[in-house]
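Asker: So the chains spell out like this:
Number of protein chains: 2
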Amino acid sequence: MFTLDVALTPRLYSLYAHPDSVVVVIDILRATTAICTAFENGVEKMIPVATLEEAWAYREKGYLLGAERNGEKIEGADFGNSPYDYMGDHLKGKTTVITTTNGTRAIEMSKDSHQVIIGSFVNIDVVVNHLIQSKRNVVLLCAGWKEKFNLEDTMFAGALVDRLAEHEQFADVSDAALIARYLYANAMEDPYHFLKNSSHRKRMQKLNLKEDIRYSLNPERSEIIPVLKNGALVQLSR
Amino acid sequence: MFTLDVALTPRLYSLYAHPDSVVVVIDILRATTAICTAFENGVEKMIPVATLEEAWAYREKGYLLGAERNGEKIEGADFGNSPYDYMGDHLKGKTTVITTTNGTRAIEMSKDSHQVIIGSFVNIDVVVNHLIQSKRNVVLLCAGWKEKFNLEDTMFAGALVDRLAEHEQFADVSDAALIARYLYANAMEDPYHFLKNSSHRKRMQKLNLKEDIRYSLNPERSEIIPVLKNGALVQLSR
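Protein sequences, first through last, are from chains C and B. The numbering of the first sequence is the numbering used here, which starts it at 503 and goes up by one. The numbering of the second sequence is the numbering used here, which starts it at 503 and goes up by one.
Treat the hints with care, as some may be off.
The list treats identical chains as one, so a pair stands whether inside a single copy or across any two.
What the hints assert, rightly or not - Pairs of lysine-lysine, DSS-like flavour, derived with a Cα cap of 30 Å:
no., residue 1, residue 2
1, K563, K637
2, K596, K547
3, K613, K648
4, K594, K698
5, K637, K698
6, K731, K712
7, K613, K698
8, K712, K637
Source of the hints: derived by calculation from the structure; they are not laboratory data.
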């Protein structure tokens, strides 16, 4: 029997951190959606870094760089964190570097767990199957916004809880997992409409990212799970 | 215009802490319910302390002591944190000391704000009115369970958000406040039934505290707001 827990913000992650757990990093608007989209479009490897300093050091060595802070692409980077930046053939077989306000920090933070995988609505089905087959404790790590709670990451965590909680192996579903599931139950019919009050979505509307939000909530689906191996995200082989 | 925010667990409080804010400490099962009940039953003053060491030091000086850890009364204390321990005439005009697993630590943590008040379903109506009249930023601080999220404190925070968010003065309602409100909307028809999956409630059922839970969710109502003044809880004069 395994536990299914949700770290509602990165600041709470250390309460759940364990070397034997599988961690799903969740940053729906937009880092983990963009990462899953990049792998579906053929990227070979993505190196997540927490700071801009590390990111520029890689770029000086010739790597393509995706960099975002406060919802906007960093000037001089090759991409931001819009999933649309990662569609097409231009990344096929390439290794890129990525740094974002919240998502890549959450990846960094969880690296001492048994396995870190990247989740989004892009790959939700394979993530669910993987977590069931893993036979391990699961922590859903919501990247949030600058250590605070946000609706969209928790809503996605709730979508995972909704599909996992019925499996007998997850006997211990925490209060945080339950509230995520309630949130998803409230949102599932029309998540775009549901998020209309989200502070993050309001911020992103200012940035004119309506299409990114629609895509992030109802994307093309992928069968690929990005997994952290030796400090870089690669495709999980199954 | 003011902000209305919810610290979903004490570990998140520092993200919201501000010397000009009013903080409502919430520990529905059972510290803040018990404190409100004690004031309704005539207690004069309650000294909240975070550690058992401080608590015993007070008791040696002759104070009555309410002390709970992990849901159970500490042996040798005069009371635990059941609201039923604080009903009747035995506390009228007295000063007592109280220490609990979560609630009294949350009080300690928030003492540098403009004002710390104690909220529960016992005094929800007067708390709502006070927050509207305060014309300040409000932080609802959920005591949770050992720094983790719990359903019942967030549900009560949601009940407050539900009544406050319609007031124009609270222009900025955060994602954390919104999820609390959704939780309350899901729970309000039958909160006792709703909490049946709560880990805390399951723990408390083991301790045979069904009556405490029923009372905490649907108590006799009080018009008294306990407020922290010079390190002790007293009745807010209005």
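Asker: Indicate, hint by hint, whether the structure satisfies it.
Answerer: Hint by hint, here is what the structure shows:
{"no.": "1", "hint": "K563 to K637", "result": "neither (40 Å within a copy, 54 Å between copies)"}
{"no.": "2", "hint": "K596 to K547", "result": "within (7 Å within a copy, 68 Å between copies)"}
{"no.": "3", "hint": "K613 to K648", "result": "both (19 Å within a copy, 24 Å between copies)"}
{"no.": "4", "hint": "K594 to K698", "result": "neither (35 Å within a copy, 50 Å between copies)"}
{"no.": "5", "hint": "K637 to K698", "result": "between (37 Å within a copy, 27 Å between copies)"}
{"no.": "6", "hint": "K731 to K712", "result": "neither (33 Å within a copy, 49 Å between copies)"}
{"no.": "7", "hint": "K613 to K698", "result": "neither (33 Å within a copy, 35 Å between copies)"}
{"no.": "8", "hint": "K712 to K637", "result": "neither (38 Å within a copy, 35 Å between copies)"}
The structure fails to meet hints 1, 4, 6, 7 and 8 from the earlier list, while all remaining hints are met.
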